[in-house]
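Chains A and B, in that order, are what the protein sequence lines are. Going letter by letter, the first sequence gives residues 1 to 116 in our numbering. Going letter by letter, the second sequence gives residues 1 to 111 in our numbering.
Because the hints were derived from the structure by calculation, they are not lab data. Accuracy of the hints is not assured; some may be wrong.
[As the list claims (entries may be wrong)] These stretches of chain B come out as covered by chain A in the derived footprint (C-beta under 8 Å, 3 or more residues):
| id | segment |
| --- | --- |
| 1 | 7 to 19 |
| 2 | 91 to 98 |
[As the list claims (entries may be wrong)] Sample of chain A residues facing chain B (criterion: CB under 10 Å; computed from the structure):
| id | residue |
| --- | --- |
| 3 | Lys17 |
| 4 | Tyr48 |
| 5 | Leu88 |
Note that beta-carbon positions come from the ideal geometry of N, C-alpha and C, so glycine has one too.
Now for the letters of each chain:
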Amino acid sequence: EAQVTQNPRYLITVTGKKLTVTCSQNMNHEYMSWYRQDPGLGLRQIYYSMNVEVTDKGDVPEGYKVSRKEKRNFPLILESPSPNQTSLYFCASSKNRRDYEFYEQYFGPGTRLTVT
Amino acid sequence: SQKIEQNSEALNIQEGKTATLTCNYTNYSPAYLQWYRQDPGRGPVFLLLIRENEKEKRKERLKVTFDTTLKQSLFHITASQPADSATYLCALEGNFNKFYFGSGTKLNVKP
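For reference, chain B alone in the conformation it holds in the complex:
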C-alpha cells in the first residue's frame, strides 16, 4: 500500500516567517495530492489540491509544490500567524479509490 511520511517533530517558527512542511510518499505517484489542516479535537479541513502536472499551486498565503521525481510535496505558509498553529496533513488517493494520509506535522507559530 501507499506510504506517506511527514515530519513528526513539531515545527516552531516565529510570527511573520515562512513555514515549510514536507510530505514524502513511496510507491507509485498519485494523480494529485491534497493538504488538510486539523485543529485539536476537530476533523481535518481541506486547504489545497495539486495535480501531478502542476508544479505549484497558490491560495492566499499558502503555496504547495509537487515534485513527482522526488516523490515529494512541500507546503508553505508565508507571513505566518499564531492562528496558523495547527497540524497539517497531506493525503493522496491510491489504487481503487483508497485514500492515504500522513500522520501530520504540528506547526507552532509564536508571536
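One chain only, chain A, in its complex shape:
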C-alpha cells in the first residue's frame, strides 16, 4: 500500500530536550516536505527536499533541522524544542513537477507534539 508513515504519532516532551520525528514514504517520490498545522494558521511549510541531499527552507524553518540521506526518509529534528513548537506536524511526499506536469502531495497521519 502506498503510504507516508510518521513516528511517533504523539509526543510530549520538555523544553530543550532534542527530538526527532521520522517520516518515510514507499512511493519513490523525489519531493518530501514537513508542515506544521496550528489553529487559524493552516498548514505552514517548514522544510522541503527536492531529492537526496537537497533541502530548502519553507516559510517557518526556525528551530528545525532536516536531512535527506535516503530517498524514502526525511526526518525532522528539533534540537532544542520550545513551547511555541507545540503543534500538529505533517510529513508529505510527491513526485517533482516536470515542465507542465504537476502532482499531488500524499500526507502522513500526523504527529502531535507538546512541548512543556
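Use these hints to put chain B onto chain A, whose structure you have.
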C-alpha cells in the same frame, strides 16, 4: 511570500444542496492550484488539481474553477451528503517549489 485566504467561518448547508467554497490568493498567479480534504486528526487528502489555463475541472460531484484575473478558485460539491462534512484546504506552489496552504473552510452538511 504567497498568501491564501479561505473563509474561516464554517459553512453549514442542508443535504442535497450545493456547497461552494472560496479560495483567494495574493501576489503572483500560480501555474496550478490544488484542493484537499482534511478530516479531524488526519492528514489532508488530495481531491483535485486545476491548471492556470483551465477554467473548470470536474470529478464526480466535485467541481473546481480557477479565475486568474480575480485570483480566485471556487470549489463546489453538488448534491452534498453528510459524509462530505470535513475541512477543505486549497494549496498552491509558489516560487522555488514552496507550497502554501489556506487555513481551510469547515463544511457541515446536515441531514
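Outcome of the hint check:
no. : hint     : in the structure
1   : 7 to 19  : violated (count 1)
2   : 91 to 98 : holds (count 5)
3   : Lys17    : 25 Å, violated
4   : Tyr48    : 7 Å, holds
5   : Leu88    : 9 Å, holds
Of the numbered hints stated above, those contradicted by the structure are hints 1, 3, listed in ascending order.
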